[in-house]
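Q: Listed here are the chains, written in short residue letters.
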Amino acid sequence: MTIRVTPREETTQGFRTLVLVGSLFAGLIAVGIVFAVRGVNPLLAVWSIFRGSFGSAYGIKETITKAVPLILIGSGLALAYRAKFWNIGAESQLLLGAVFATWVGLTWGPHLPGWLIIPLMFIAGFIGGALWGTIPAILKIRFGINEVISTLMLNYVAAEIVKYLVVGPWKGETKFGYPYTDDLPDQAILRLLPLSRISPALVVLAVVLALVLTYIIFRTRFGYEIRVIGESPEAARYAGIDFFKTLLITMVISGGIAGIAGVGELSAIHHNLSYPETISAGYGFTAIIVAWLGKLNPAFVILSGLFFAGIIVGGDAIQMTLGLPAVTVSVFNGFLLVFLIAGDYLLYHRVKLVREHA
Amino acid sequence: MDTSTTERRIEHLEMRGIEKRFGTVVANRDVHLEISAGDILGLLGENGAGKTTLMNILYGLYRQEEGSVLINGEVVDIRSPKDSRRLRIGMIHQHFMLVDQHTVLENIALGDETVPFFFPRRAVRPRVEALAEDLGLDVDLDKKIYELSAGEQQRVEIIKALYRNADLLIMDEPTSVLTPQETEQLFATLRSMSENGHTVILISHKLEEIMAICNRVIVLRKGEVTGEANTADVQKTDLARMMIGRSISSSYPKADLEPGEPILRVSDLHVLDDRGLPATRGLSFEVCENEILGIAGVSGNGQREAVQAICGLRSSESGSVTLHGEEISNEAVRTISDLGLGHVPEDRMVHGIVGNLFLFENAVLKKHHQAPYSAHMRMDYREVRDHADALVSGYQVSAPSVSVPAKNLSGGNIQKLILGREISSAPSLLIASHPTYGLDVGAAEYVRLQLIERRDSGGAVLLVSEDLEELFAVCDRIAVMFEGKVMGVVDPSLATMEEVGLLMAGVVNESERAERSSVADAGIVDEGEPSFVAAADGNALPDDSATIATSAEVAE
Chain A
1 MTIRVTPREE TTQGFRTLVL VGSLFAGLIA VGIVFAVRGV NPLLAVWSIF RGSFGSAYGI
61 KETITKAVPL ILIGSGLALA YRAKFWNIGA ESQLLLGAVF ATWVGLTWGP HLPGWLIIPL
121 MFIAGFIGGA LWGTIPAILK IRFGINEVIS TLMLNYVAAE IVKYLVVGPW KGETKFGYPY
181 TDDLPDQAIL RLLPLSRISP ALVVLAVVLA LVLTYIIFRT RFGYEIRVIG ESPEAARYAG
241 IDFFKTLLIT MVISGGIAGI AGVGELSAIH HNLSYPETIS AGYGFTAIIV AWLGKLNPAF
301 VILSGLFFAG IIVGGDAIQM TLGLPAVTVS VFNGFLLVFL IAGDYLLYHR VKLVREHA
Chain B
1 MDTSTTERRI EHLEMRGIEK RFGTVVANRD VHLEISAGDI LGLLGENGAG KTTLMNILYG
61 LYRQEEGSVL INGEVVDIRS PKDSRRLRIG MIHQHFMLVD QHTVLENIAL GDETVPFFFP
121 RRAVRPRVEA LAEDLGLDVD LDKKIYELSA GEQQRVEIIK ALYRNADLLI MDEPTSVLTP
181 QETEQLFATL RSMSENGHTV ILISHKLEEI MAICNRVIVL RKGEVTGEAN TADVQKTDLA
241 RMMIGRSISS SYPKADLEPG EPILRVSDLH VLDDRGLPAT RGLSFEVCEN EILGIAGVSG
301 NGQREAVQAI CGLRSSESGS VTLHGEEISN EAVRTISDLG LGHVPEDRMV HGIVGNLFLF
361 ENAVLKKHHQ APYSAHMRMD YREVRDHADA LVSGYQVSAP SVSVPAKNLS GGNIQKLILG
421 REISSAPSLL IASHPTYGLD VGAAEYVRLQ LIERRDSGGA VLLVSEDLEE LFAVCDRIAV
481 MFEGKVMGVV DPSLATMEEV GLLMAGVVNE SERAERSSVA DAGIVDEGEP SFVAAADGNA
541 LPDDSATIAT SAEVAE
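Protein sequence lines correspond, in order, to chains A and B. Counting from 1, one number per residue, gives the positions in the first sequence under my numbering. Counting from 1, one number per residue, gives the positions in the second sequence under my numbering.
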């Protein structure tokens, strides 16, 4: 028996859906094996996860809260990945967004009204994330440095910058030596729905930005050029598309939106800058999977963002109810990403088992 | 010398009735080939004539459908390069198979199973040094491959083959990467190998080379042997005829138009190839309104780089390219395209379309930034689809709908789509690179008619092709490129294919000039020596309207 692989010419919408569902299912089975090894009934575990996230008012509210940064970052990543620019650095772009916004909020916040300071913080956050995102773009186009490496490594740099700021120059005077900045003034804090951590403004912003990005990808010249570059750099050169400009703008948007997610976390939830692990619970990495599950279409990313937010919230729940370690969620996410990417292989190839006649 | 090879030396090798098909395409048909120890056999033919296929069969990379290989009178079965190595056959490919980061010595010993586990270099070194000395090959064994020039890398390949006890060495276009001096050195090596009883098969399309180094020559055309001779007994013209074939079968009706204003003017253009070596060396020609200029030449003589430089895809070192009198060298692709240049690229699947995007999205590639397809950054996909529909119906593209991925179309339909896209905006200059390569007869015919249509409606067309019949049937003038220059420009209604074939092989055709100039005549009769063209006579070719570069290059 040998495995024979041939290129697949055509895929139907039905087949694509089947592969997507099949990959998710296979991923769940693999995760189930991990649960079983830990002595936990896998069905119960998966059930507990989804009951934890979607089964109660509290769960749903938390899921929406965590979906917001995932949708924002995932949409931006979808754009970059369309150009086959593998931005693994959304985590640091988020942090830089939070840093810029903190500076604006603490410096000007006390002197400006809320309707002005909050937009200013979002603009500053966008700029912070965008600047951080364009560094690897320039490195790649001008010097041919692999963006996976540079974006990944810049995550560490950004994390160290944040740590330095919160234990050093920005350490809060009211924080008794703890590594936090002072809290933002009241007018720089986003209003939340009662008894939740949901900021309605932020939810609307995330959904609107996701839809705008969908429009950009599929309806604008810029989106067309991004897709041509991603699918065939050779054809893009032939067509006279400016790589530098296009990839630079791509990363300004992708990094900038991650920065906005950072502002959201800061202004709606934490109210001050603290250790990087506190500011972002790995949203920049989880959003990679979100973008893939959303088929690099920001409109679908809204759904996949909710799905993964649910897994995060449900994962927290089973930590308590089933006594599983905190990294279970990472295992869960990792398996799903591997199976999702592997599933894509089936979209372009036919795999057959062939009996060898020697 | 070595213990791994048990077979005795190759005294005589024969390939009998070889036939090889790829699907429905016949690559080799009933090919006979014989060679004896000490021979240097030239395998001559155009690109796609089946030379490399035949040699890949001998080396065990392909399996023939019919026919057999005999060594010293016994039938042998060559199923893989492992078998051919055991039988003392070695092959050096056009692209070297060396590990860049390893040293010369390590590369030579690669795959040698007799090398001991400990101190392998110490065991290998003396043998390699002895081999290199025998042949007078000078290579530093401790240098890394990436530090070597192409010529030195080739020497490593030769030593590697001999280290593996090759008796018969197959070399695929060995001089294509070499400088003239390196070529000279290679030939010296080959001669000394032949004196040592080694046998060499040299794949080439260069007549000069074959005449200079080979004692026998076999000519292939479209997969079949069209001639076989001792080089001492034939003239270059005979070989050229065997290689190219004879008459033109068809011609196309063209409007009776005089060429108008020059549209594209290329003068003294110098462009480097991907390896940084000169690809064009002072290329000059021009294309006028109502004219199709053909560029003939064996691929790899600078045609690709020249086209890329004109289109803005490759920077030029010096020289000038003007479109409508406007300097366009080293301008951006989009700028040049917007000035009215249509380009049907050579590798249509890679450059011409984006396979995973829809047909309608491909229909505006390169024009997508122009009205009416996009306005204020927004794409108007209704206009784009209308345009795609128009192309599909106007240029006979058969596709289920415009909403299918472009890669699902057949090669012919992809080419019609590209052609339609490039022609529909009525560019003042259309460049088509190998536009009918790999197409079926019907699609090829259609493409040619469209090129003529463009000419008849006032456009200038530059057609780069290796298909001489096509060039003769379609073009108003044919410029022949060899080693980055125009060897001569001919009028297809007056010239013969044989003349063009000689120019393609680097020999300036003297047939008309011979009557006028005995100096030039002497050059071609003197066999084994390259023809020597008097530079003073260089601008007296049939068509004076073109800038003519003549080659006075001497290979020997």
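Simulated from the structure, these hints should not be mistaken for lab results. On a predicted model such as this, the values are computed, not experimentally measured, just so you know. Glycine included, C-beta positions come from ideal geometry on N, C-alpha and C. Check the hints yourself; a few may be wrong.
Claimed, not checked - Cβ-Cβ distance ranges computed for the label pairs, FRET-style: (1) A:R16 with B:S393: 26 to 36 Å; (2) B:S393 with A:P200: 29 to 39 Å; (3) B:V99 with A:P7: 27 to 37 Å; (4) A:I149 with B:D273: 45 to 55 Å.
Stated by the list, open to error - The calculated DSS-like cross-link candidates involving lysine-lysine, where the alpha carbons are at most 25 Å apart (straight line), are: (5) A:K245 with A:K84; (6) B:K82 with A:K295; (7) A:K163 with A:K175; (8) A:K84 with A:K295; (9) A:K352 with B:K82; (10) A:K84 with B:K82.
Q: Determine for every hint whether it applies to the structure shown.
A: Evaluated hints:
Restraint check, R16 of chain A to S393 of chain B: a C-beta distance of roughly 30 Å satisfies the suggested window 26 to 36 Å. Judged by the Cβ atoms, the range 29 to 39 Å given for S393 of chain B and P200 of chain A is violated: they are separated by roughly 52 Å. Evaluation of the 27 to 37 Å hint for V99 of chain B and P7 of chain A yields a pass: the beta carbon distance comes to about 29 Å. Taking the beta carbon of each, I149 of chain A and D273 of chain B are about 30 Å apart, not inside 45 to 55 Å as hinted.
The hinted pair formed by K245 of chain A and K84 of chain A meets the criterion: a straight-line CA distance of about 15 Å does not exceed 25 Å. Between K82 of chain B and K295 of chain A, the direct Cα distance comes to roughly 46 Å. Violation of the 25 Å bound is thereby established for this hinted pair. For the hint pairing K163 of chain A with K175 of chain A, the CA-to-CA distance comes to about 15 Å; that is within 25 Å, so the pair holds. Using a Cα cut-off of 25 Å, the hinted pair K84 of chain A and K295 of chain A holds, with the two alpha carbons roughly 13 Å apart.
For the hint pairing K352 of chain A with K82 of chain B, the CA-to-CA distance comes to about 29 Å; that exceeds 25 Å, so the pair is violated. Proposed proximity of K84 of chain A and K82 of chain B is contradicted: the alpha carbons are some 40 Å apart, above 25 Å.
Of the numbered hints listed earlier, those contradicted by the structure are 2, 4, 6, 9, 10.
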